[in-house]
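Asks: Here the protein sequences line up with chains A and B, keeping their order.
When the letters of the first sequence are read in order and numbered with full-length UniProt numbering, they come out as residues 1 to 390.
When the letters of the second sequence are read in order and numbered with full-length UniProt numbering, they come out as residues 1 to 390.
Treat the hints with caution; some may be incorrect.
[Stated by the list, open to error] With a Cα cut of at most 20 Å, we get these calculated SDA-like pairs of lysine to any residue:
#	chain 1	residue 1	chain 2	residue 2
1	B	384	A	194
2	A	384	B	221
3	A	330	A	379
4	B	308	A	303
5	B	158	B	364
6	A	384	B	219
7	B	384	A	221
8	A	308	B	302
9	A	384	B	220
10	B	158	B	363
11	B	384	A	223
12	A	308	A	380
Because the hints were derived from the structure by calculation, they are not lab data.
Protein chains: 2
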Amino acid sequence: MAPFITKFEPYEPEEYVVDKKSGTKSPARLEKIAIVGSGSWGTALARVAALNAAEREGFDPEVRIWVREHEVPGRGKLTEIFNQTHQNERYLPNVDLPENLVAVPSLKETVRNATLILIVVPHQYLPSILEELKEPGLISSRARAISAIKGVEVVIQKDGPTADIHTYPSVIEKELGIPCSALGGANIALDVGRGEFCETTIGVPSAKDAALWHAVFDGPSFRVHPIEDVAGVSLSGALKNVVALAAGFVDGMGLGGNTKAAILRIGLLEMSTFTLEFFPGSSPLTFSHHSAGVADLITTSFGGRNRKCAEAFIKSKPEYSGESKPDSGKSFEQLEKELLNGQKLQGTLTSREVFEFLEARGRLEGYPLFEKVYRISFEEMDPKRLFEDL
Amino acid sequence: MAPFITKFEPYEPEEYVVDKKSGTKSPARLEKIAIVGSGSWGTALARVAALNAAEREGFDPEVRIWVREHEVPGRGKLTEIFNQTHQNERYLPNVDLPENLVAVPSLKETVRNATLILIVVPHQYLPSILEELKEPGLISSRARAISAIKGVEVVIQKDGPTADIHTYPSVIEKELGIPCSALGGANIALDVGRGEFCETTIGVPSAKDAALWHAVFDGPSFRVHPIEDVAGVSLSGALKNVVALAAGFVDGMGLGGNTKAAILRIGLLEMSTFTLEFFPGSSPLTFSHHSAGVADLITTSFGGRNRKCAEAFIKSKPEYSGESKPDSGKSFEQLEKELLNGQKLQGTLTSREVFEFLEARGRLEGYPLFEKVYRISFEEMDPKRLFEDL
Numbered sequence: 001m002a003p004f005i006t007k008f009e010p011y012e013p014e015e016y017v018v019d020k021k022s023g024t025k026s027p028a029r030l031e032k033i034a035i036v037g038s039g040s041w042g043t044a045l046a047r048v049a050a051l052n053a054a055e056r057e058g059f060d061p062e063v064r065i066w067v068r069e070h071e072v073p074g075r076g077k078l079t080e081i082f083n084q085t086h087q088n089e090r091y092l093p094n095v096d097l098p099e100n101l102v103a104v105p106s107l108k109e110t111v112r113n114a115t116l117i118l119i120v121v122p123h124q125y126l127p128s129i130l131e132e133l134k135e136p137g138l139i140s141s142r143a144r145a146i147s148a149i150k151g152v153e154v155v156i157q158k159d160g161p162t163a164d165i166h167t168y169p170s171v172i173e174k175e176l177g178i179p180c181s182a183l184g185g186a187n188i189a190l191d192v193g194r195g196e197f198c199e200t201t202i203g204v205p206s207a208k209d210a211a212l213w214h215a216v217f218d219g220p221s222f223r224v225h226p227i228e229d230v231a232g233v234s235l236s237g238a239l240k241n242v243v244a245l246a247a248g249f250v251d252g253m254g255l256g257g258n259t260k261a262a263i264l265r266i267g268l269l270e271m272s273t274f275t276l277e278f279f280p281g282s283s284p285l286t287f288s289h290h291s292a293g294v295a296d297l298i299t300t301s302f303g304g305r306n307r308k309c310a311e312a313f314i315k316s317k318p319e320y321s322g323e324s325k326p327d328s329g330k331s332f333e334q335l336e337k338e339l340l341n342g343q344k345l346q347g348t349l350t351s352r353e354v355f356e357f358l359e360a361r362g363r364l365e366g367y368p369l370f371e372k373v374y375r376i377s378f379e380e381m382d383p384k385r386l387f388e389d390l
Numbered sequence: 001m002a003p004f005i006t007k008f009e010p011y012e013p014e015e016y017v018v019d020k021k022s023g024t025k026s027p028a029r030l031e032k033i034a035i036v037g038s039g040s041w042g043t044a045l046a047r048v049a050a051l052n053a054a055e056r057e058g059f060d061p062e063v064r065i066w067v068r069e070h071e072v073p074g075r076g077k078l079t080e081i082f083n084q085t086h087q088n089e090r091y092l093p094n095v096d097l098p099e100n101l102v103a104v105p106s107l108k109e110t111v112r113n114a115t116l117i118l119i120v121v122p123h124q125y126l127p128s129i130l131e132e133l134k135e136p137g138l139i140s141s142r143a144r145a146i147s148a149i150k151g152v153e154v155v156i157q158k159d160g161p162t163a164d165i166h167t168y169p170s171v172i173e174k175e176l177g178i179p180c181s182a183l184g185g186a187n188i189a190l191d192v193g194r195g196e197f198c199e200t201t202i203g204v205p206s207a208k209d210a211a212l213w214h215a216v217f218d219g220p221s222f223r224v225h226p227i228e229d230v231a232g233v234s235l236s237g238a239l240k241n242v243v244a245l246a247a248g249f250v251d252g253m254g255l256g257g258n259t260k261a262a263i264l265r266i267g268l269l270e271m272s273t274f275t276l277e278f279f280p281g282s283s284p285l286t287f288s289h290h291s292a293g294v295a296d297l298i299t300t301s302f303g304g305r306n307r308k309c310a311e312a313f314i315k316s317k318p319e320y321s322g323e324s325k326p327d328s329g330k331s332f333e334q335l336e337k338e339l340l341n342g343q344k345l346q347g348t349l350t351s352r353e354v355f356e357f358l359e360a361r362g363r364l365e366g367y368p369l370f371e372k373v374y375r376i377s378f379e380e381m382d383p384k385r386l387f388e389d390l
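Pulled out of the complex, with its shape left as it was, chain A reads as follows (with noise of 0.2 Å):
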């Protein structure tokens, strides 16, 4: 295993006190979960976490999960629901979920007395949500955040033009004034609602957050590394989802396993090399050898949303589709809106971010892979030409 790993103790309350009347201890203070966020991976987390909560001791077993309220015709409130039946019908259908993780239609009211606060929304969302949770007194300054956004905040600085990128985690960390680590993959949420082994990285800025997030999540069937490298967890979880885009595209070419192969290879090299060019504190073995990197790559690669609507976008021209049709192929919107069932694609988002911002540092030429996934999606370049420059 990699020699970067986080040593930490594993999570003991700080503080107890003791009943004068029956001389039992209990911890002077519980740790209390809050879920940002109730798509297919924030539920299948929040499940996690609220199984964990009932059984740890020195937690609150009530978990809270924001689900925005709306009413679901001839059945009544969306959240009422979700506490009736324990499912979210909609993002993680046929998973049970337990009991004590509570659907909140407000967003400040899941967040309230959280100490422990996993945010994670899909990333265009994120501005106004920051701006909600800002509002004074609301989160205690004792509290700490873990970002599962896939995805980079790019700037563009029209009058350069130069560009600035940032990680999620350290947005929410400016922004709310707390601690913030990064989880990334292997995620594929159904697996994990199903309580199949998987396993996941978290990237941690202390041991302490390493041990109260171990905590939070792992267990014998999701087993949790933490390492030190916040910015390589989030950056891999979020160009992950470009490089799976073009295993998407060579999917839809009909092409076989070797090429794919390839294209994942050269990928997983593209995201560290440009991880370490523009985050020089992290290692490259986030990418090499955690499950975050290269295994969060090859499940999103072969089963994730992404490689489902590239593969799409390539059939639907004519030329790939085998029939001869009117219009030139559909566009990544129009296949967002057919196959996701109201979840957003973020590969398509992240790939013209890191266009955009390697255009403006004049870098371009150092991604090839990035640079094709982009003009293949947004300016019809021809896919037969992914591989070349590779």
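Fit chain B to the known structure of chain A by using the hints.
Replies: Chain B only, in chain A's frame:
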């Protein structure tokens, strides 16, 4: 790209002779390629080599491939069919082979006068082949070999007990007295046969070997990267088949992509750790960065024959087949016969050899995945225990 990629000048003939009459210059001698082995992978590589030999200056265009003779009922001799149809119908169906690739029934005639010899046979056949090739004067002392054999040679000393392990390139080098390189994957033969984009890593003992083997195999859709790690490339090709069996067990149990990706990640680390422990001159980058490592493992674990038989092995067990059967599952021997059309399964043999080696050395506890694959394959261990102690 990894820094230990071998630097070499592109191949050029060392000497030329000038025709006095016409003044035209031609190479003083020609490199001559021989292929020992005509299974699917051997034939796919022979196709690539023959296409290059026909076009490159300094190469004899005739490439000989050893095909074991037998009578095809109603159609005549196999080598004659091969040389008339320019197809290897049994092992690489529907792929047209170049006319300068010539099937030869005699092993000795295949390699006579050859300067570049590719050996690509199931590893159980190698000893008898080397015995025949050792005939004095048969193989030129300026010849070079390259091994695409997937396996390792393990010698158990019964009176220790201790054990030795050797890679096939080192065995070939010792037995034939010529330098031997290693050719790795990614290697689904049919995809290579169809000319789809893929990569391969070759481990070479010198820059001269790098230049020659690059000239033999490299092309626009078959990218060859030489690295200075013969043992690492050879070991990766052997050990990845053991991990692919584990991947097949995951598929057979009906588990999802996260689980499979976790097994691949852990397997890749065991492959790398094993190689560095017993072949300390090797590089971990061979596994983490190069096609022969991570990419070959991915392609083999999703598309190869070891994965396929391992999935069938689990599904033949009554508890996974969905039907009650009187027998208690099929052995790998049975499945090899039923599913592989005469091809040999390398992973189970390697699994047994690696297990016996680690047991004799008292090092089983360092390799829990390798140990479990053996015990599930040969000792009726419950496949669910694959995930214990990982």
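Asks: Confirm or reject each hint.
Replies: Now the hints, each set against the structure:
1. B:384 <-> A:194: Measuring from Cα to Cα gives roughly 15 Å; hence the hint holds.
2. A:384 <-> B:221: Measuring from Cα to Cα gives roughly 12 Å; hence the hint holds.
3. A:330 <-> A:379: Given pair residue 330 of chain A, residue 379 of chain A holds - Cα atoms ~13 Å apart, limit 20 Å.
4. B:308 <-> A:303: holds, 19 Å
5. B:158 <-> B:364: Cα-Cα ~18 Å, so holds.
6. A:384 <-> B:219: Holds. Residue 384 of chain A to residue 219 of chain B sits at ~17 Å (cutoff 20 Å).
7. B:384 <-> A:221: Between residue 384 of chain B and residue 221 of chain A the Cα gap is close to 12 Å, so the pair holds against 20 Å.
8. A:308 <-> B:302: holds, 17 Å
9. A:384 <-> B:220: Answer holds: residue 384 of chain A to residue 220 of chain B is near 13 Å, not above 20 Å.
10. B:158 <-> B:363: holds, 17 Å
11. B:384 <-> A:223: holds, 16 Å
12. A:308 <-> A:380: holds, 19 Å
This entry satisfies every hint, going by the numbered hints stated previously.
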